[in-house]
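> As a plain string of letters, each chain reads:
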Amino acid sequence: MGDLFAHLAHGFTVALSVQNILLCFVGCLLGTLIGVLPGIGPIATIAILLPMTFGFPPESALIMVAGIYYGAQYGSSTTAILMSIPGEASSTVTCLDGHEMAKRGRAGTALGIAAIGSFFAGTVATVFVAALAIPLTSVALSFGPAEYFSLMLMGLVFAAALARGSMFHALISIMVGVLLSTVGPDLMTAQLRMTFGVPQLADGFNFAILGMGLFGIGEILRNLEQSTSREVLKSTIGRLLPGREDLRRSFWPMVRGTALGGSLGILPGNGAVLGAFASYTIEKKVARNPKEFGYGAIEGVAGPESANNAGAQTSFIPLLTLGLPPNSVMAIMIGAMTIHGIVPGPQVINSNPELFWGLIASMWIGNLMLLVINLPMISIWVKLLTVPYRLLFPAIILFCCIGVYSLSGSTVDVLILAAFGLIGYTMWKFGFEPAPLLLGVVLGSRMEEALRQALIISRGDFSTFVTRPISAVLLTVTVFLILIVALPEIRKRREKIFVEEED
Amino acid sequence: MTDAIRIRAPKRFYAGLVLIGICLFVFWANHGMTLGTPRMMGPAMFPRILAVMIGISGAVLVLLSLNFDGEKLERFSIRGPFFVTLSIIAFSLTIRSMGMAVAGMLALTLSGFATPEARPREVLIFAAVMTVLSILLFHYFLGMSVKILDIPGTGIEF
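Each protein sequence line maps, in turn, to chains A and B.
For the first sequence, the positions run 1344 to 1846 when my numbering is used.
For the second sequence, the positions run 50 to 207 when my numbering is used.
Hints are computed from structural coordinates only; laboratory data are not their basis.
Every residue, glycine too, gets a C-beta built ideally from N, C-alpha and C.
The calculated lysine-lysine pairs, modelled on DSSO-like cross-linking and capped at a C-alpha distance of 30 angstroms, are: (1) B:Lys121 - B:Lys60; (2) A:Lys1634 - A:Lys1446; (3) A:Lys1446 - A:Lys1627; (4) A:Lys1726 - A:Lys1446; (5) B:Lys121 - A:Lys1772; (6) A:Lys1772 - B:Lys60.
Covered stretches of chain B (chain A as the covering partner; in silico rule of three or more C-beta atoms under 8 angstroms from a C-beta of chain A): (7) 56–64; (8) 77–83; (9) 91–105; (10) 111–125; (11) 130–138; (12) 147–157; (13) 169–179.
Construct the complete structure from the given sequences, taking the supplied hints into account.
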């Protein structure tokens, strides 16, 4: 325990330098600013703002990116409450009761309790992350290539199972992503693969460009096609600070939400998404007055928002300890780390302790800032919601272009950005999500490396993956997961056939 | 089910075809590379395994689309993707030679017309304002090393 606080204290001395506090603040502010713009989710926000952080030293840059992430998440809760437009999957739940509260003139209280719940969850989760970091890192260090491969496989299958839409489609997206990761030099012979003589591809695709293309540009192309009518809340915001009664009703939902979101967030797949849904379901079950849910129950905002934020925080655990990003936001974080020359993984805690503990400490500071920035500035965010999309998207395109160009001053990279924008749009048309693809790209080359190393060690014997106990357990979980998700889908399809045949 | 083969789920069918295409493309792009053995995998092994898996998935989608009803493939819109892509290409062609003033102006103006709601005067005014703002932000505030304006042949250069 003493160690834990010593480490956290060390982290705070890093995070509390004037420059880092300022960057965390600017990050939160910009993150909220972009995240609150309708139609721009957290992933797109980070992708757009990422280039601004390149000029700073690694720990400052990551602290700023983390700040952007928290800000963007809070921004998407704001649009969920005020306009019933969720910026990301996990704030879909907030729309239900948050927007109902807003319609009843209690928008301020909903936003207030969302901020307070997030802060509470963030505080608990920060300590949790710090406490789990060292034991998990030592577990990770005992992993060989076979275990790593199975773990990544499990993570990808989890992510596919939790993705929107069909699991089969998500798995295909992931495979295409992994395939894209093989573009560039071969890991052992350095022979160039599928680069077609384009020198900019000699190092493979850059995640940051891919992310900006698929999410930044791709989302714009999607939005341009959908109707642009957006209803901004007409009624007043009302008082921000929740009253004593509201706080009393929200306390236990916040605690339960934090526990749920925090523990699901550690899963190597995108577990954090489940947190908000699980929390809403439980609150509805235990509520004294379940009929209020769907009509502006404050518990339905406090619980899921806490779960959301706790999950956002603990999803850093697989990234920091194993070097495996559990979702596409963390995939972009890896992009940010590699740009600064840091290879994410269990060695970071020893090789870059400032970065590691500084980042953890900045989580808490970031949460505090959200509370401080957002509550007083809500009226400004509300005004932003009224900016028409026809003005927004050209500016986003320009920012993406400048961002990509600033990476390495390459104009070919800018063209790759355009290509991935079109790829993202085409995928959407065919019913595929881009998020699993990005995850596949990030994990792909490390999976190949682990696979090849494991097979060299086992002299080409594939049974190494099932005879090593940890790897066998991970693979069993993976198979079970596929069965659990796939069986109902197949059964549904068979039922459909029977129905058709009866006709 | 006795009639001739019919595409019952166009969206799935074409997605499957694209995937099979990707598979064939990878085989073509990697020809001549060492495949290796499981014990010592060569550079072509991993991409090819994936290509086969993607190709099989594509075939499954095609088969499903022939046997079960599914969604139609929605029309691809032309205007949005056309102007957005054009604006990014214009940016990439002009940023190095002519600087941010030209590249930014072009990108903002062209992309502004990607929506049918575009109002020409508003697009131009907004593009000018945003170009100035982004030069201030990226060049002066963030210290990015990028030319502001350079029109070849006139000697104008910042």
